[in-house]
Each structure stands twice: as structure tokens, then as C-alpha cells.
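One letter stands for each residue in the lines below.
Protein chains: 2
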Amino acid sequence: MAKLVIWIDFDPSGSTLSPSMIRLLEAIHKHGTIRRAAAESGMSYRKAWLLLQQTQKTFKGPVVNAGAGGHAGGGTQLTDLGVEVLTLYRAAVKHSSVAAQGNLETLTKLVRHDAPPRRTQRS
Amino acid sequence: MAKLVIWIDFDPSGSTLSPSMIRLLEAIHKHGTIRRAAAESGMSYRKAWLLLQQTQKTFKGPVVNAGAGGHAGGGTQLTDLGVEVLTLYRAAVKHSSVAAQGNLETLTKLVRHDAPPRRTQRS
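For the protein sequence lines, the chains are A and B, in the order given. Take 1368 as the starting number for the first sequence in our numbering and just add one per residue. Take 1368 as the starting number for the second sequence in our numbering and just add one per residue.
Since the hints were made in silico from the structure, they are not lab data. Accuracy of the hints is not assured; some may be wrong.
Since the list can't tell identical chains apart, any single copy or any two copies may satisfy a pair.
[Claimed, not checked] Straight-line distance between alpha carbons at most 30 Å, and here's what the computed BS3-like set of lysine-lysine pairs gives:
no. : residue 1 : residue 2
1   : Lys-1424  : Lys-1476
2   : Lys-1476  : Lys-1397
3   : Lys-1370  : Lys-1397
4   : Lys-1370  : Lys-1476
5   : Lys-1414  : Lys-1476
6   : Lys-1461  : Lys-1370
7   : Lys-1427  : Lys-1476
8   : Lys-1476  : Lys-1461
9   : Lys-1424  : Lys-1397
10  : Lys-1427  : Lys-1461
11  : Lys-1414  : Lys-1461
12  : Lys-1370  : Lys-1424
13  : Lys-1414  : Lys-1370
14  : Lys-1424  : Lys-1461
Predicted model, so just to flag it, every value in this text is computed and none were measured.
Could you build all of it, start to finish, from the sequences and the hints given here?
Below is the structure:
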């Protein structure tokens, strides 16, 4: 079945909430560290860290709280704001998918299903 | 106001309908040639041509018909299938935007509006 992949552009700030930001927040929420979240998301620690900084700057407050680091462990948790962003994004995708379902079903019937997988660059 | 930017992934074929494919189809519909459509979309003729080939392969039939080329002009028009794809995609975006409006309004209130524009790579 067809699936919507949704970016949210915020005008006039020009900032964006992307699927990869959301996947990273979800993985941090699940694993509690950026390192493990990066590994699950198939990105380098550096890329995950940069993406997280970009996400932090998009919102009015921090979306994650880093605990004390070092050998003791530390770890990273979503803040209430981070959880709210995740919840609202998921709700937007769910509502959109329901609303567009009829159009997606019709579009799917027009698609060639013997074509090899193709990926256009996006992040 | 926040805006949804929607990709449609077709499983299990792995093919994708992207916003840039849609912008190109819209520009061809408007201008009647790939060259002018490419110029309006800010892409090279080669990039537009490749993107169009990718779009052609995604669907069961051609989405554009090329007329006789050469000095006589020729030109490129959307086929009925191409128009249908465009119409269904626009309907999916419209229905999604209405359905997600409440979530988008709440998310927008959480966004920092003094942040400089940032662009994450996507096409």
C-alpha cells in the first residue's frame, strides 16, 4: 500500500521538520542515548548529533535533555516539548493518511509494480 | 503557516512520487515544453529529462507525450494518465492539509520564529 512521507515546512521561519528528525527523536526516546539512536537509524554519531542540533534550533526550547555524561552513563531523554513534537507529528501523519487514503488507493492502481526500486535523494 | 510537503512511497514496488516530479509535471502542463518547464523549475534540461524518465517508469503508461520535435516545435503534453496523477496528488495534499490543520497549528506555536532559514537536502 502507498505511504505518505511528510515534511513540515514552517513559514516564514523557513525551518523544517523532516522524517529523519522524527526517526531520530523516536530512536532517542526508545534507546535513551544518541549513540544507540544513531546506530538504529543507520547514521553516524556525528550526523545524528548535527541533526539533533538542527532540531533543537527549530523549536522554542530543547527537545532533549542530556544527562551527566562520562563513564557513569548519562543518556539523553526527550523533554516534554520533544514528546509533544513527536506526538503532534505522528497525529498529523495519521490524520493525513486517513484523509488521503482514497486518493492513494487510486494512485496505487496507476503504478507499475514490476519496476525496480528507485530512491531519489532525500533525508 | 505551516505547510505539508508530501512524498508518496509505493510499496512494494519501492517507487516514489516526489514533490519535484509533481512540480515538473505542473510546469510541463503549463508551458508545453520540457525546456521551459525545466527553466521555470530552476533545473537543467538534463536533470528535468532524467526526472521525467523516472516518473514515466513509475506508472503503467506514459505521463507525457512528446510531439514531433525539431525546428517545427513539437512540444510535450501531459497524457490523460499524467493529468490524473497530478490531480490525485493535489487532492491527496489538499485532503491531508485539511485533516492535519489542527496539529500543524499547534506545532507552529512551538516553533522558534527568529531562527535563520535552514534547508535540509531533499529533492
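Checking each numbered hint in turn, tell me which of them this model violates, lowest number first.
none
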